[in-house]
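> In case you want the letters, here they are:
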Amino acid sequence: MDITGRKLIVKALAEEGVDTIFAYPGGMVTDILDELYKQEDKFRLVLPRHEQALIHEAEGYARQSGKVGVAIVTSGPGATNTITGIADAHYDSIPLVVITGQVAQPLIGNDAFQEVDIVGMTRSIVKYGVTVRDRNNLGRMLKMAFYIASSGKPGPVLIDIPKDIQQKSGPDEYPDHVDIRGYKPNTSVHIGQLKRAYKTLKNAKKPLILAGGGIHISGAEKLLTDFARKMNVPVVTTVMGKGAIPEDDPLYVGNSGMHGRYAANMAEMECDVLFSIGTRFNDRITGDLNEFAPKAKIVHLDIDTASISRNVVVDVPVVSDASLALTHLLEWAEPMNTKAWQKEIEAWQEEHPLQCKVSKMLNPQTIMEDISEVFGEATYVTDVGQHQMWATQFLRLKGNSNLITSGGLGTMGFGYPASLGAKEADHDRQVVCLTGDGGFQMNMQELATSICADIPVTICLFNNRYLGMVRQQQQYFYGKRYQLTYLGRRPAGVEHPDRIENADELYVPDYLKLVDSYGIKGIRVKDEEKIVPALEEAKKAQHDGKSMLIEFEIAPEDVVLPMVKGGMANSDMILK
Amino acid sequence: MKNRWIALYVENEVGVLAKVSGLFSGKSYNLQSLTVGTTEHDDVSRMTISVTADDVTFEQIKKQLNSMVEVIKVMDLTDVPIHSKEILYAKIHGIDAAGKEEAFRIAQVFKIRVIDIGEDSVLLESALTERRNNELTALLKKTFRRIEIVRGGPVAIESISTSCR
Chain A
1 MDITGRKLIV
11 KALAEEGVDT
21 IFAYPGGMVT
31 DILDELYKQE
41 DKFRLVLPRH
51 EQALIHEAEG
61 YARQSGKVGV
71 AIVTSGPGAT
81 NTITGIADAH
91 YDSIPLVVIT
101 GQVAQPLIGN
111 DAFQEVDIVG
121 MTRSIVKYGV
131 TVRDRNNLGR
141 MLKMAFYIAS
151 SGKPGPVLID
161 IPKDIQQKSG
171 PDEYPDHVDI
181 RGYKPNTSVH
191 IGQLKRAYKT
201 LKNAKKPLIL
211 AGGGIHISGA
221 EKLLTDFARK
231 MNVPVVTTVM
241 GKGAIPEDDP
251 LYVGNSGMHG
261 RYAANMAEME
271 CDVLFSIGTR
281 FNDRITGDLN
291 EFAPKAKIVH
301 LDIDTASISR
311 NVVVDVPVVS
321 DASLALTHLL
331 EWAEPMNTKA
341 WQKEIEAWQE
351 EHPLQCKVSK
361 MLNPQTIMED
371 ISEVFGEATY
381 VTDVGQHQMW
391 ATQFLRLKGN
401 SNLITSGGLG
411 TMGFGYPASL
421 GAKEADHDRQ
431 VVCLTGDGGF
441 QMNMQELATS
451 ICADIPVTIC
461 LFNNRYLGMV
471 RQQQQYFYGK
481 RYQLTYLGRR
491 PAGVEHPDRI
501 ENADELYVPD
511 YLKLVDSYGI
521 KGIRVKDEEK
531 IVPALEEAKK
541 AQHDGKSMLI
551 EFEIAPEDVV
561 LPMVKGGMAN
571 SDMILK
Chain B
1001 MKNRWIALYV
1011 ENEVGVLAKV
1021 SGLFSGKSYN
1031 LQSLTVGTTE
1041 HDDVSRMTIS
1051 VTADDVTFEQ
1061 IKKQLNSMVE
1071 VIKVMDLTDV
1081 PIHSKEILYA
1091 KIHGIDAAGK
1101 EEAFRIAQVF
1111 KIRVIDIGED
1121 SVLLESALTE
1131 RRNNELTALL
1141 KKTFRRIEIV
1151 RGGPVAIESI
1161 STSCR
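Protein sequences, first through last, are from chains A and B.
Residues 1 to 576 (this note's numbering) are what the first sequence spells out, left to right.
Residues 1001 to 1165 (this note's numbering) are what the second sequence spells out, left to right.
So that you can see chain A by itself, here it is in the shape it has in the complex (with noise of 0.2 Å):
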């Protein structure tokens, strides 16, 4: 039986298992938003108020939820609005299915209304883009979208579908798999280059597992903890790789890299087998990468060919899914005496503790910890800046805490509303969004989509009044020269920022108005003794499914440290 194209499409979505697809409508996708009109009993439907933060909400769907995070918006600009978050999707791995609505294919190439290549302008931070061009092939490009967004290294997959096509009658086939001659994704692991990977951790007198990212994707936590303990193998993480193995752990160094603690940039510069699963080696992760772990032979295991031996030059390469490979390696392995090399470690933590000081106002490490202990397992979602380092290096991820935060592409904005579609992956857990006064005005239209979908989160907005990140930057670098990075109202005849004397009377918005707006309640927290009644209140009120706003006053001067100068040597750590 022949149906329309539109309909084949809300098929395919039911057969793929979508339960959440955020929508923005607009001409190009009207057909298809009216296909699912009615059909709340199948699908929820959220409106985001910007397709930028929409694709941001689809993407904390698909980290929390494991599934693939499916976006439907217009041609034209609504499709360029998504640009920046399928970048964002494609450095950290996550699977989108991005539908845009495409001008009817005689209007293509006339410049028509709302008319852009979006296939064309996204080809390089896809995983795969497409648009159908055959009636007869939509079934079969579905499932491919589908597939390659969620198989092998996931990613997104943008398929631009033309209005004739979506009001086409044809097939109404939708195929249960397809084969792709060109893609294969790694389902298997080469058991001789995995033991030689094994031999080389075990005979090692200095070992260190660095887990990234991949063991999320994978969902390898549980046994790369178990491989670590049995093996006794200390364990550094990249940003990404956060929450690996529980921070509680003995075994547990820190995070390594550019805002690193000291003790696992040290370890990374002398350890004598580094075991990497599931990480790129990013610039932010080694430094200069001649002094990148100068004494250790690498094993690199990794489900992506082409992340392998391309930054770092690699000993034991091995391509496989972290799970898979892990699973192998529980089997084998055998405990180690690393108790010498781990003491030496602990050396190092006491030598330069990971602390953060400040001199006046509230103390970011302090928030951190309180947040944490309060919400406990939780999950918890940054945006992009010095919160988010913060986040990284103090927040204490529990049992089945999680951290989403945008790790490769560094996307001011992606937090709020990523929380809010972590939110909506499961409305039983607690979320909190972290984030700064800079990254949240990126995004902070979403406090209506908060409301009128529903979906309460508890917001920790770090304020102190300026682009934190780039200001200590400028502070050690550039001479504390401000430029751009205050984002308060600034006196005439005042220079320099931080002369300005009434700067708190002087900063637009006042957050707590603002929520109110929206009927969110905000609590500015200036006294260190109020942070827990704040968080507390916060978690309850989330509880029962209300929002609310906290905003922590910290101080400008308070500077993410260590700190590696870009470029620089990972052991070349300011420290103070």
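Just so you know, the hints here were simulated from the structure itself, not pulled from any lab data.
From the three backbone atoms N, C-alpha and C, an ideal C-beta is built for every residue, glycine too.
Treat the hints with care, since some could be wrong.
[To be verified] Just so you have them, the derived chain B footprint on chain A, three or more residues with Cβ under 8 Å:
1. 175-184
2. 268-276
3. 296-307
[To be verified] Below 27 Å or equal to it, Euclidean Cα-Cα: the simulated DSS-like pairs (lysine-lysine) are:
4. A:339 with A:295
5. B:1085 with A:153
6. B:1085 with A:143
7. B:1027 with A:184
8. B:1063 with A:153
[To be verified] Negatives, chain B to chain A, calculated, CB over 12 Å:
9. 1011
10. 1025
11. 1052
12. 1061
13. 1085
14. 1091
15. 1093
16. 1113
17. 1115
18. 1127
19. 1141
20. 1146
21. 1151
22. 1152
23. 1161
We have chain A already, so just place chain B on it with the hints.
Frame of chain A, contents of chain B only:
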């Protein structure tokens, strides 16, 4: 740094050429030439790609190409015996009888054909290796004042029995 050859089987679809060439520009790989045409299968195209790269970069290029959904197969022809030719047209303008004679002599030596002729011009057609075509171009530039050169880029295929390249 070394010159290398890749043969690439890709889906014969809209946008695939842009995707492959975009990889080279986007990641600053040093692309020397890229030719593309259909194969014995209507839905498959074959590209012949020449790049200058060090070992590490070249490995990365092959992996990146392999990871594209539209790429069916990547073949490294760098150290494989291949036959490779490039089509080249050279139009020589504003020449007298002596000039024509010189053009014919060059054609004879290079074993290429003169395929068209006018009052004061000749058209040469060459299907030689890329390097021979470079030499031909250099000679024509030196010998004549006004020339027009059109080159198609090299195509290559693995040898059957010979090991010459």
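> Would you mind marking each hint as holding or not holding in the structure?
Okay, the hints, checked on the actual structure:
1. 175-184: holds (count 4)
2. 268-276: violated (count 0)
3. 296-307: holds (count 3)
4. A:339 with A:295: This hinted pair holds, its Cα atoms lying about 19 Å apart.
5. B:1085 with A:153: violated (39 Å)
6. B:1085 with A:143: Not OK: residue 1085 of chain B and residue 143 of chain A at ~41 Å, beyond 27 Å, violated.
7. B:1027 with A:184: Given pair residue 1027 of chain B, residue 184 of chain A holds - Cα atoms ~24 Å apart, limit 27 Å.
8. B:1063 with A:153: Since the Cα atoms of residue 1063 of chain B and residue 153 of chain A sit roughly 14 Å apart, the hinted pair holds (cutoff 27 Å).
9. 1011: For residue 1011 of chain B, whose nearest Cβ neighbour in chain A is about 6 Å away, the distance does not exceed 12 Å, so it is violated.
10. 1025: violated (9 Å)
11. 1052: Residue 1052 of chain B clear of chain A: closest Cβ-Cβ about 19 Å, beyond 12 Å.
12. 1061: violated (10 Å)
13. 1085: Residue 1085 of chain B clear of chain A: closest Cβ-Cβ about 28 Å, beyond 12 Å.
14. 1091: Consistent with the label, residue 1091 of chain B stays out of reach of chain A, its closest Cβ about 34 Å off (over 12 Å).
15. 1093: holds (37 Å)
16. 1113: Given that every Cβ of chain A is farther than 12 Å from that of residue 1113 of chain B, nearest at about 39 Å, it holds.
17. 1115: holds (37 Å)
18. 1127: holds (31 Å)
19. 1141: holds (37 Å)
20. 1146: Correct as stated: the minimum Cβ-Cβ distance to chain A is 38 Å, above 12 Å.
21. 1151: holds (27 Å)
22. 1152: holds (25 Å)
23. 1161: holds (30 Å)
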